[in-house]
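Enquirer: Residue numbers (my numbering), protein chains in the order written: chain X, 3 to 56; chain C, 7 to 230; chain B, 11 to 263.
Some hints could be false.
[Stated by the list, open to error] Partner residues aside, some chain B positions facing chain X, computed with beta carbon under 8 Å:
{"id": "1", "residue": "Phe-122"}
{"id": "2", "residue": "Pro-134"}
{"id": "3", "residue": "Ala-165"}
{"id": "4", "residue": "Ile-216"}
{"id": "5", "residue": "Ile-220"}
[Stated by the list, open to error] Restraint ranges, calculated between C-beta atoms of paired labels, are given here:
{"id": "6", "chain 1": "C", "residue 1": "Leu-197", "chain 2": "B", "residue 2": "Gly-137", "range": "29 to 35 Å"}
{"id": "7", "chain 1": "B", "residue 1": "Trp-139", "chain 2": "C", "residue 2": "Asp-200", "range": "44 to 50 Å"}
{"id": "8", "chain 1": "B", "residue 1": "Ala-26", "chain 2": "X", "residue 2": "Arg-46", "range": "42 to 48 Å"}
{"id": "9", "chain 1": "C", "residue 1": "Val-215", "chain 2": "X", "residue 2": "Lys-42", "range": "56 to 62 Å"}
[Said to hold, decoys possible] Pairs of lysine to aspartate or glutamate residues, derived as EDC-like cross-links and limited to a Cα-Cα distance of at most 20 Å, are as follows:
{"id": "10", "chain 1": "B", "residue 1": "Lys-262", "chain 2": "X", "residue 2": "Glu-55"}
{"id": "11", "chain 1": "B", "residue 1": "Lys-247", "chain 2": "B", "residue 2": "Glu-167"}
{"id": "12", "chain 1": "X", "residue 1": "Lys-53", "chain 2": "B", "residue 2": "Glu-260"}
{"id": "13", "chain 1": "X", "residue 1": "Lys-51", "chain 2": "B", "residue 2": "Asp-64"}
{"id": "14", "chain 1": "B", "residue 1": "Lys-247", "chain 2": "X", "residue 2": "Glu-55"}
{"id": "15", "chain 1": "B", "residue 1": "Lys-104", "chain 2": "B", "residue 2": "Glu-260"}
{"id": "16", "chain 1": "B", "residue 1": "Lys-133", "chain 2": "B", "residue 2": "Asp-217"}
{"id": "17", "chain 1": "B", "residue 1": "Lys-37", "chain 2": "B", "residue 2": "Glu-167"}
{"id": "18", "chain 1": "B", "residue 1": "Lys-104", "chain 2": "B", "residue 2": "Asp-64"}
{"id": "19", "chain 1": "X", "residue 1": "Lys-53", "chain 2": "B", "residue 2": "Glu-167"}
{"id": "20", "chain 1": "C", "residue 1": "Lys-226", "chain 2": "B", "residue 2": "Glu-167"}
{"id": "21", "chain 1": "B", "residue 1": "Lys-257", "chain 2": "X", "residue 2": "Glu-55"}
{"id": "22", "chain 1": "C", "residue 1": "Lys-54", "chain 2": "C", "residue 2": "Glu-133"}
{"id": "23", "chain 1": "B", "residue 1": "Lys-256", "chain 2": "X", "residue 2": "Glu-8"}
{"id": "24", "chain 1": "X", "residue 1": "Lys-42", "chain 2": "B", "residue 2": "Glu-260"}
{"id": "25", "chain 1": "C", "residue 1": "Lys-226", "chain 2": "C", "residue 2": "Glu-30"}
{"id": "26", "chain 1": "B", "residue 1": "Lys-256", "chain 2": "X", "residue 2": "Glu-55"}
{"id": "27", "chain 1": "X", "residue 1": "Lys-51", "chain 2": "B", "residue 2": "Asp-217"}
{"id": "28", "chain 1": "C", "residue 1": "Lys-226", "chain 2": "C", "residue 2": "Asp-85"}
{"id": "29", "chain 1": "B", "residue 1": "Lys-262", "chain 2": "X", "residue 2": "Glu-47"}
{"id": "30", "chain 1": "B", "residue 1": "Lys-257", "chain 2": "X", "residue 2": "Glu-8"}
{"id": "31", "chain 1": "C", "residue 1": "Lys-226", "chain 2": "B", "residue 2": "Glu-249"}
{"id": "32", "chain 1": "B", "residue 1": "Lys-247", "chain 2": "X", "residue 2": "Glu-8"}
{"id": "33", "chain 1": "X", "residue 1": "Lys-56", "chain 2": "B", "residue 2": "Glu-260"}
{"id": "34", "chain 1": "X", "residue 1": "Lys-42", "chain 2": "B", "residue 2": "Glu-249"}
{"id": "35", "chain 1": "C", "residue 1": "Lys-226", "chain 2": "C", "residue 2": "Glu-133"}
It should be emphasised that the hints constitute simulated quantities derived from the structure, not laboratory data. Here a beta-carbon is modelled for each residue, glycine too, at the ideal position from N, C-alpha and C.
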Amino acid sequence: MNSFAEFLAMGGYGFYVWTAYGIALVVLLLNVVLPLLQRKQLLRELALKQKREK
Amino acid sequence: MSLVSAFFAIIRRDLILAFRRRAEIANPIFFFIIVVTLFPLGVGANPKLLQAMAPGIIWVSALLAVMLSLDSLFRSDFDDGSLEQMLLSSHPLTVLVFAKIIAHWMVTGLPLLVVAPLLAIFLGLPEQALGTLLLTLVLATPVLSLIGSIGVSLTVGLRRGGMIISLLVLPLYIPVLIFASNAVEMAGNGLAVDAQINILIAIFFMSAVLAPLPAAAALKMSVN
Amino acid sequence: MSIIPAPIVRFYHRTASPPHFYSLANKLLPWLVGIFILLAGAGLYGGLYLAPTDYQQGDSYRIIYIHVPAAWMSLFIYVIMAVMGAISLIWRMKIADVVLISSAPIGASFTFIALVTGSLWGKPMWGTWWVWDARLTSELILLFLYLGVISLYGAIEDKRTASRAVAILALVGVVNIPIIHYSVQWWNTLHQGPTVAKMDKPSIHIDMLIPLLLMATAFKFYYAIAMLQVAKVEILKREQNMQWVKKLVETKA
Numbered sequence: 003m004n005s006f007a008e009f010l011a012m013g014g015y016g017f018y019v020w021t022a023y024g025i026a027l028v029v030l031l032l033n034v035v036l037p038l039l040q041r042k043q044l045l046r047e048l049a050l051k052q053k054r055e056k
Numbered sequence: 007m008s009l010v011s012a013f014f015a016i017i018r019r020d021l022i023l024a025f026r027r028r029a030e031i032a033n034p035i036f037f038f039i040i041v042v043t044l045f046p047l048g049v050g051a052n053p054k055l056l057q058a059m060a061p062g063i064i065w066v067s068a069l070l071a072v073m074l075s076l077d078s079l080f081r082s083d084f085d086d087g088s089l090e091q092m093l094l095s096s097h098p099l100t101v102l103v104f105a106k107i108i109a110h111w112m113v114t115g116l117p118l119l120v121v122a123p124l125l126a127i128f129l130g131l132p133e134q135a136l137g138t139l140l141l142t143l144v145l146a147t148p149v150l151s152l153i154g155s156i157g158v159s160l161t162v163g164l165r166r167g168g169m170i171i172s173l174l175v176l177p178l179y180i181p182v183l184i185f186a187s188n189a190v191e192m193a194g195n196g197l198a199v200d201a202q203i204n205i206l207i208a209i210f211f212m213s214a215v216l217a218p219l220p221a222a223a224a225l226k227m228s229v230n
Numbered sequence: 011m012s013i014i015p016a017p018i019v020r021f022y023h024r025t026a027s028p029p030h031f032y033s034l035a036n037k038l039l040p041w042l043v044g045i046f047i048l049l050a051g052a053g054l055y056g057g058l059y060l061a062p063t064d065y066q067q068g069d070s071y072r073i074i075y076i077h078v079p080a081a082w083m084s085l086f087i088y089v090i091m092a093v094m095g096a097i098s099l100i101w102r103m104k105i106a107d108v109v110l111i112s113s114a115p116i117g118a119s120f121t122f123i124a125l126v127t128g129s130l131w132g133k134p135m136w137g138t139w140w141v142w143d144a145r146l147t148s149e150l151i152l153l154f155l156y157l158g159v160i161s162l163y164g165a166i167e168d169k170r171t172a173s174r175a176v177a178i179l180a181l182v183g184v185v186n187i188p189i190i191h192y193s194v195q196w197w198n199t200l201h202q203g204p205t206v207a208k209m210d211k212p213s214i215h216i217d218m219l220i221p222l223l224l225m226a227t228a229f230k231f232y233y234a235i236a237m238l239q240v241a242k243v244e245i246l247k248r249e250q251n252m253q254w255v256k257k258l259v260e261t262k263a
């Protein structure tokens with residue numbers, strides 16, 4: 003493997019290989035990011051609720 | 007009341023109730039017939055094609071028909087509170103659930119045994135396969151009721167459990183579909199089907215022993 | 011209960027309490043992320059760069075480094091869910107419920123990844139996007155089982171009831187998985203199409219195997235990370251009226 007372009011080409015299978023890795027990456031990222039956002043949202047809601055109760 | 011008499015009392019009661027609502031019982035059978043009829047209309051009336059597809063068509067339609075009838079297994083008992091009575095009784099719930107499953111099979115699976123061979127002939131299934139078709143139906147339709155009972159008891163408390171039950175139950179029906187329709191296909195080609203029949207027998211006994219347990223546990227959960 | 015030594019019982023009850031589990035998760039997460047990055051980095055470098063090209067499949071085989079570990083994870087997570095289901099039904103342990111339901115979306119994601127990458131691998135090998143081959147078909151059925159768990163949990167309003175329902179369903183599913191797997195394999199050998207090439211056996215070289223095992227281990231760590239993230243949200247939701255959550259909210263705000 004000589005150049006970076008050759009690495010990207012994956013012997014002509016670049017499209018399949020990189021799409022596979024890309025989709026996997028997106029799905030795996032979503033699985034971590036979505037709960038993080040959800041928790042932030044939930045904590046904000048709970049804080050608001052507690053303020054109202056006081 | 008002893009356990010045995012309770013067991014038969016439940017079957018008798020369910021059969022009497024079912025007989026009173028004859029129209030409702032007939033629905034799954036009509037559904038089965040209609041679905042089978044749709045296939046030639048959809049894929050064309052080429053006799054060779056239909057003959058090749060006949061085992062699959064009949065078994066897929068049977069799965070769907072039994073699945074649609076599952077709701078009646080516990081629905082009325084759940085609504086009128088007799089399910090709670092069953093839970094409170096001193097008898098083990100698994101046995102009572104087993105009785106209900108048997109009654110359900112007699113009302114939905116048994117009629118399929120009569121109708122399916124007739125439709126198989128319409129689809130051009132070779133006559134030598136009819137015996138095997140009946141045998142697979144005898145062995146496998148009880149399995150459909152047994153496995154289905156788990157799905158219904160998980161969803162009986164939901165007002166709209168209809169769509170979910172198909173998602174829960176159909177994947178579990180796949181082994182039955184594979185072995186039963188394959189046995190019929192092989193028999194149509196004049197081949198031996200001992201292996202498939204033996205596996206279906208094994209599945210039958212396994213589900214008869216195991217399925218009432220989670221079904222009973224799920225009913226307890228649903229009623230609370 | 012007396013058969014189990016006292017320290018284990020104590021450990022069990024402590025980890026089983028939601029606030030303790032929550033803070034434990036917070037402590038563990040940075041370590042898990044660190045190890046995951048190391049393993050995944052090494053695995054990807056080895057798999058995409060160092061490993062030699064397969065003489066039959068060319069570079070397309072490199073999809074194996076996510077396809078196969080994802081397929082392994084999809085089964086592994088279902089088994090974990092069933093074990094959690096058993097624990098929750100026998101000992102009524104709240105945390106087991108949380109772990110069970112938090113694992114479901116991750117398991118479904120891995121199953122989805124295994125399906126998509128299998129299809130992307132199949133296109134250059136088979137010439138079509140989808141072949142009803144045994145592994146892809148069982149993987150598809152496994153996805154249905156995951157979706158069943160997720161939608162059943164979502165459909166039942168009362169989350170304590172929903173947890174029990176899902177625990178029962180996971181146990182039923184795990185008993186059925188070997189039967190389904192076996193029947194699909196059996197079905198596949200009977201109906202095998204003429205064009206199907208074996209895609210799961212490139213003559214595996216040690217330089218190919220090591221990255222594969224690295225990726226498989228990295229995915230295990232990823233699962234722990236993602237599951238704990240979901241579990242933290244789930245715990246906060248369930249315990250939102252408890253004192254410790256109120257304190258937590260105050261310190262954060």
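Enquirer: Check each numbered hint against the structure and report the violated ones by number, ascending.
Expert: Hints 3, 4, 5, 7, 8, 9, 13, 15, 16, 17, 18, 19, 23, 25, 27, 30, 31, 32, 35 not satisfied by this model.
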